[in-house]
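Please work from the sequences and hints to get the whole structure.
Line by line, the protein sequences are chains A and B. Numbering of the first sequence is given in this note's numbering, commencing with residue 1 and proceeding in unit increments. Numbering of the second sequence is given in this note's numbering, commencing with residue 1 and proceeding in unit increments.
Keep in mind the hints are simulated off the structure, nothing from the lab.
Here are the computed lysine to aspartate or glutamate pairs in the DMTMM-like style, where the Cα-Cα straight-line distance is at most 25 Å:
id, chain 1, residue 1, chain 2, residue 2
1, A, K66, B, D11
2, A, K120, A, D40
3, A, K120, B, E17
4, A, K61, B, D21
5, A, K61, B, E23
6, A, K132, B, E17
7, A, K132, B, E59
8, A, K245, A, E93
9, A, K61, B, D44
10, B, K56, A, D117
11, A, K132, B, D44
Some chain A residues judged to face chain B by a derived CB distance under 7 Å, without partners named:
id, residue
12, R65
13, K132
14, T133
Note that the Cβ used here is the ideal one computed from N, Cα and C, for glycine as well.
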Amino acid sequence: MELNSVVVTGVGTISPLGNDFTQLLDGLTAGRSGVCELTDLEQVGGLRSRLAAPVKGVDPKQIPRKFRRSMSNMSVYAYLASQQALLMAGYPEDQLGSGDLGVVIGSTLGSTETSEDFFKDYFRDYSLERMKTGLFFQMMGHSCAANVAQSLGITGRVFAPSAACATSSQAIGYAYEQIAMGRQQAILCGGSEEFHPLTVATFDIMHAASTNFNQQPESTPRPFDQLRDGIVCGEGCGVLLLENKKTAQQRVANILAEVIGFATASDTSSIANPDVGAMAGCMQLALKDAGLTAGDIDYVNAHATGTEVGDIAEAEAIAQIFSTRVPVSSLKGHLGHTLAASGALELSGCIGMLQQQQLIATLNLDQVDERCSGITHLQENSSQPVKTILKNNFAMGGINATIILRSYVND
Amino acid sequence: MTEAEIIELIDSSLAEEFELDREDMVPSANLYTDLELDSLDTVDMVIVLEGAFEFKIREEEAVRAIRTLEDIHRFVITKIEQNN
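Structure, rendered in structure tokens:
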């Protein structure tokens with residue numbers, strides 16, 4: 001069976017650094033932080049971290065009420081990012097309902113905020129009489145994907161992978177495979193995340209949330225740094241429009257990059273802690289899928305969230321395959337950990353790096369932890385030829401994912 | 001509560017819930033063809049009215065016959081009179 005080549009023709013982003021791709025890339029390149037202190041978190045008993053990387057300046061009312069009523073913030077972000085991706089790609093409006101276009105957008109959970117609002121009301125008197133019809137559509141696991149398809153009139157395949165921090169990498173990978181196999185000609189794919197204190201608490205109780213920099217929010221998270229003390233939770237959405245290369249070329253689309261490899265695998269050593277061998281194994285699988293060897297990779301975009309355990313394991317895994325030959329950085333210092341959105345937002349950053357031929361350094365990496373020192377860290381942006389990028393995401397639950405991206409020169 | 005006050009509470013509650021333009025909310029306005037509500041909105045409308053007037057109407061047969069804003073006005077006014 002001959003597989004189709006798959007290209008990226010559109011990028012849409014709602015992020016802590018701004019609400020389109022240009023703002024995201026400008027913020028990343030300039031070394032800006034999207035992290036701030038959220039004083040409201042002081043009111044949550046037992047929560048030590050006061051930090052977040054929130055989205056700012058999104059007005060949900062720009063979406064018609066009929067579509068918005070079934071959307072929580074994560075679906076609002078997904079709708080806006082999808083619109084941006086379609087616009088950037090110049091995707092023909094009359095093809096939205098052709099069946100050739102699908103949607104693969106996931107989230108970690110359905111809306112926690114909507115769940116909280118519902119149960120707050122429900123526990124008053126255990127009555128369901130005040131429950132409105134929009135509730136379920138905001139709480140369901142495929143809320144983002146369904147809302148995007150409904151509001152944009154997309155009639156192809158719709159599904160919603162959910163794998164915490166690897167959600168959008170899996171979404172993009174599965175979309176790549178669907179197009180490669182010819183099941184769809186194009187797919188809007190990525191992940192979305194909305195901030196809720198419960199997410200911060202999830203990491204805080206495992207001593208994996210950043211707590212030492214509450215008064216210096218822009219100094220954390222600190223991937224690979226010796227003073228790193230954990231994750232800062234962010235929110236946002238990244239959506240890529242992937243297309244069959246042939247059909248994209250036929251409609252003379254501007255191709256931004258090619259997706260040439262993907263792997264996802266389960267690490268059963270622990271539900272919470274990563275295993276070096278499993279991480280390295282996932283990267284090797286992706287290289288094999290792309291038909292490449294380690295020597296073909298010009299840059300590794302690490303998952304590196306700024307946790308004690310995760311950063312060391314990933315650095316060791318990258319070192320096993322690439323030694324010190326390939327520059328490595330993480331974008332979590334800029335964006336915090338946008339969880340289900342992180343793969344797609346960071347891959348968008350990688351597409352920007354390919355376009356600019358400039359690698360973006362890890363923000364807040366001042367002194368490399370010796371235990372992370374077996375790789376070449378990017379501590380300053382570097383203008384250099386970049387053709388092929390390997391991007392990792394490793395999730396709670398033992399879900400590993402790696403995507404390989406290649407630059408594309410339009411005629 | 002006077003009839004005018006009841007009508008105002010109905011209209012303001014529905015305008016807020018469904019983001020309706022008050023100028024479009026004439027008594028003869030059809031909920032579906034003029035105000036562009038749908039079946040999901042109808043379910044929510046009942047909940048909004050129950051909250052605003054603190055009565056239960058979900059199971060009432062007459063609710064199903066409502067088509068215009070005036071139908072709602074008449075229905076609610078009658079319901080409140082019955083409850084008094």
